[in-house]
Every structure is written in C-alpha cells, then in structure tokens.
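Each protein sequence line maps, in turn, to chains A and B. For the first sequence, the positions run 1046 to 1209 when our numbering is used. For the second sequence, the positions run 491 to 759 when our numbering is used.
Hints are computed from structural coordinates only; laboratory data are not their basis. Source: prediction; values computed, not measured. Heads up, the beta-carbon is just placed ideally off N, CA and C, and yes, glycines get one too. Be aware that a few hints might be false.
[Unchecked claim] Derived DEER-like restraints, expressed as beta-carbon distance ranges:
#1 B/N552 x A/D1105: 43 to 53 Å
#2 B/E722 x A/I1123: 24 to 34 Å
#3 B/K690 x A/P1202: 46 to 56 Å
#4 B/D575 x A/W1059: 38 to 48 Å
#5 A/K1197 x B/P521: 18 to 28 Å
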Amino acid sequence: MEKIQEDITVNRIWKLMEEVYDPEIPVLSVIDLGIIRDIKNNNEVEIFITPTYSGCPAMDVIAMNIRMCLLQNGFEKIKITQQLSPAWTTDWMTEEGKQKLKAYGIAPPKGKSFDKNYLEDLQIECPLCHSTNTILISQFGSTSCKALYQCKDCLEPFDYFKCH
Amino acid sequence: MPDDLINYTLHLADTSLVMGHRLSEWTGHGPMLEQDIAISNIALDLIGQSRNFYQYAAKLINNVKKSEGSKSLSFEENLSEATEDSLAYLRDAREFKNLLITEISNGDWAKTILKLFFFSSYQFYFYQKLIFSSDAQLAAIAEKSLKEVTYHLRWSSEWVVRLGDGTEESNRRIKLALEETWPFTGEMFQDVAYEIILTKEQVAVNVSSLKNTWQNKVEKVLQQATLNYPVEETIWMQTGGKTGIHTEHLGYILAEMQFLQRAYPGCEW
Chain A
1046 MEKIQEDITV NRIWKLMEEV YDPEIPVLSV IDLGIIRDIK NNNEVEIFIT PTYSGCPAMD
1106 VIAMNIRMCL LQNGFEKIKI TQQLSPAWTT DWMTEEGKQK LKAYGIAPPK GKSFDKNYLE
1166 DLQIECPLCH STNTILISQF GSTSCKALYQ CKDCLEPFDY FKCH
Chain B
491 MPDDLINYTL HLADTSLVMG HRLSEWTGHG PMLEQDIAIS NIALDLIGQS RNFYQYAAKL
551 INNVKKSEGS KSLSFEENLS EATEDSLAYL RDAREFKNLL ITEISNGDWA KTILKLFFFS
611 SYQFYFYQKL IFSSDAQLAA IAEKSLKEVT YHLRWSSEWV VRLGDGTEES NRRIKLALEE
671 TWPFTGEMFQ DVAYEIILTK EQVAVNVSSL KNTWQNKVEK VLQQATLNYP VEETIWMQTG
731 GKTGIHTEHL GYILAEMQFL QRAYPGCEW
C-alpha cells in the first residue's frame, strides 16, 4: 500500500515538472529539456537534475523554480541533487520539445550527439521561412546552448540549439 | 592520498577558473559582437567547470577535516567550512595550482586565441583520458566538460588559421604571440608529485603521455596557418604553477577577482 502511495506521489511530481520552465527558453519545460533524471520520494522528495552546460546560469534558477513549484504544491522536504553523469545530451530533448523550440523561432538540434557530424556545418532549416539555404555565423550564441545562424533567403538571423 | 586528491582537484579547478576569468576580460571588448559572445561563452563554460571541481574539492576538504587526517593543507586555518566560493575567493596566489598558461596576460586577440588554442587542445586530450579515472566524480566532470571543450578547440583552431594565413598584420601578430606563449606550453605535460601518486591509482591522467597527440594536433593546425612549429629543445619552458609558484600576473588577477570578498567578507547580492 505504501509503495503504491509513493508511486502516485512520484507520478504526480513528474506531472508537476511539466510546469517548470527554462527561464531562458520559456517554452521548454524541464521535462522537454530532459534534465530531470530521477525522482525519489522517501521521507523527502529528491529530484536529480543534470546540467545542460557546466556554466549555464539558468541551472540555479531552474533548481529554485523546481523547489518553488513543489513548495506551492504542499511538499516540504525537498532535496535537489545535481547529477553529472551520464552527461546531458540534446538526444534527451523530447520530440515535443523540439517542435516547441521551432515554433518559438529557435532551430532545434539536428542529428545525434557524438555523431562526429555534429561539429560539421549542417544544413539547418530556418525556423521562420523553412529554407535550408542558411549559414553559420558563429558557433556561440546568446546562451551556452545555442549557435547563431542566418537565413540567406529571408535574411533573418536565428538561433540554433546546438547538438551536444 | 586525501591530500593528493584535494591538490589535484584544486589544480583542475584553479586552471579552469583562472583561464575562464582571463577570457572574461574580453567581454564587452571583443573585436566584433559574435566573437565577443563566443569568447564570453567559452569563459562561462570554463568557470562552470571550475565550479564542479571546487564543489568536489570542498567536499573532500570537509571530509578530511571531519576525520582530522590532514596536516599539509595550508589554507586549513583560514577556512572554517570549505565551499566552492571560499576556495575561489579566499585563497592566496601561492595556494593556487593553475597552469601558468592560464594566467599570462591576454595581450592582443592573436595572443588570446593562440593560448586558448594550446590550452583547448590540451584539455581536449586530457578530458578524453580523465573520463576513465577511477574517481567517479572526476570522471563525471570530465565527461561533461569534454563536450564543451570540443567546441572551444574547433573555434580556436579556426581562428589560428584565420590569423596565421590572414593579412600581413595578423600573421605578424600571431607569430609574436607564438614566441610569447610557447614557453608556457611545456608545463602542461610535466607531472608533479601529486599527479604521479594519483596516476598510479588510476585517478589522475599521466599528462606526459598526452604530449605526442597534442603535438600532432598543434603541428597540423600551425601548418595550416602557415606557421612554423617551434624547435622545442632550444626554448626554456616555464613551470611551477601546479605547485603554487606563479608569474607576476596571478596576483593581479586575484586582487581584482577576490576584492569584494576580501573587503566585505560573506557579501552576497
């Protein structure tokens, strides 16, 4: 019986996490990003999160937002544990997350990580006019996770969530 | 062994922090917006890596303190409970174990690019080995960091070629940079006492074994950049950083970086 209770609570928390968003890309939840590795509920709720990039300043805010969300939903004992291994990869981003990114104007990661091609110049589709006639402006963009591209057809610059 | 592991972890933390801090000096001063953003991103990655190492070092130090096993930790008296912040902001130059190449001045864009290229290729091969460390936490940090360093190496390699094979002036400047930075590359491949001990336990990377791979990579990129690989035997290599003997540059970095915590201890905002 206790075990079932515990599962129900854990499932509820997973559901709640769909409402915790990335402060830098507010259309993506922590579930879409794939950064929640595990949730345990014994005497306290323990959430295992994995950072996207080592220096990503959003991680501290995300951890705080997770805590706030749980507090608002009646959980009191909360522990957030940072788990580094296995290292986060864009492969963990949900398909739904990728669609949301595109709708938001950021080209979603293309290809799989550790596929050597992820460092090569890929054909990235412009999220605005869908042309693939695009060019890499800089491997580094407005946040650690993005590269800067420009569309040669509609001429708009855009962010690409780089493969990692 | 606990002291060696602490020193080794601090060496890795200090190296990433000082390099990250140095590169961050370009923020707002880059030659163009995209490159300003790029170098700031790289600085951020490195400072992030150093946080992971400092957090681990703090944990190790606090464990040792609990069991009272350590004698040689000179900063022990100054610190009650070690934290990532106390380790970064409250240790003095002689306690820093960063590689010298990370602390030398940025100079012009060519010098910054070239030392970053030397450093990133070192980190790239280093982390590929540290992934297999018998210390699970060091291995995890390496796994995370390697992905980021791959981008740093690619970006800095491209710039070395662009500058070397660019205009007359860019070529002149990067040649000068090569002369200035080369004497700081030897230290990366010289094992110090704590590394030798930890290498036997498969915790640390045997850095002298990385030299050939690094050399091949550097030679290839320099050649592409129309630059000559320096004839090594004739050049004196500077060492000492890993054991706390630094150039005059580190004190200035720390004076700026640590000022706030020294003047207003515990200040938060």
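Q) Cβ-Cβ distance between A/K1197 and B/P521: within 18 to 28 Å? A) For B/P521 against A/K1197, whose Cβ atoms are near 24 Å apart, the range 18 to 28 Å holds.
**Q.** Range hint 38 to 48 Å (beta carbons of B/D575 and A/W1059) holds or violated
**A.** violated, 33 Å
Q) If you check the beta carbons of B/N552 and A/D1105, does the distance land in 43 to 53 Å? A) violated, 21 Å
Q: For B/E722 and A/I1123, compare the CB-CB distance with the range 24 to 34 Å and indicate the outcome.
A: Given about 55 Å between the Cβ atoms, the range is violated.
Q: Starting from the hint 46 to 56 Å, judge whether the C-beta atoms of B/K690 and A/P1202 obey it.
A: holds, 52 Å
Going through the hint list in order, the structure does not satisfy hints 1, 2 and 4.
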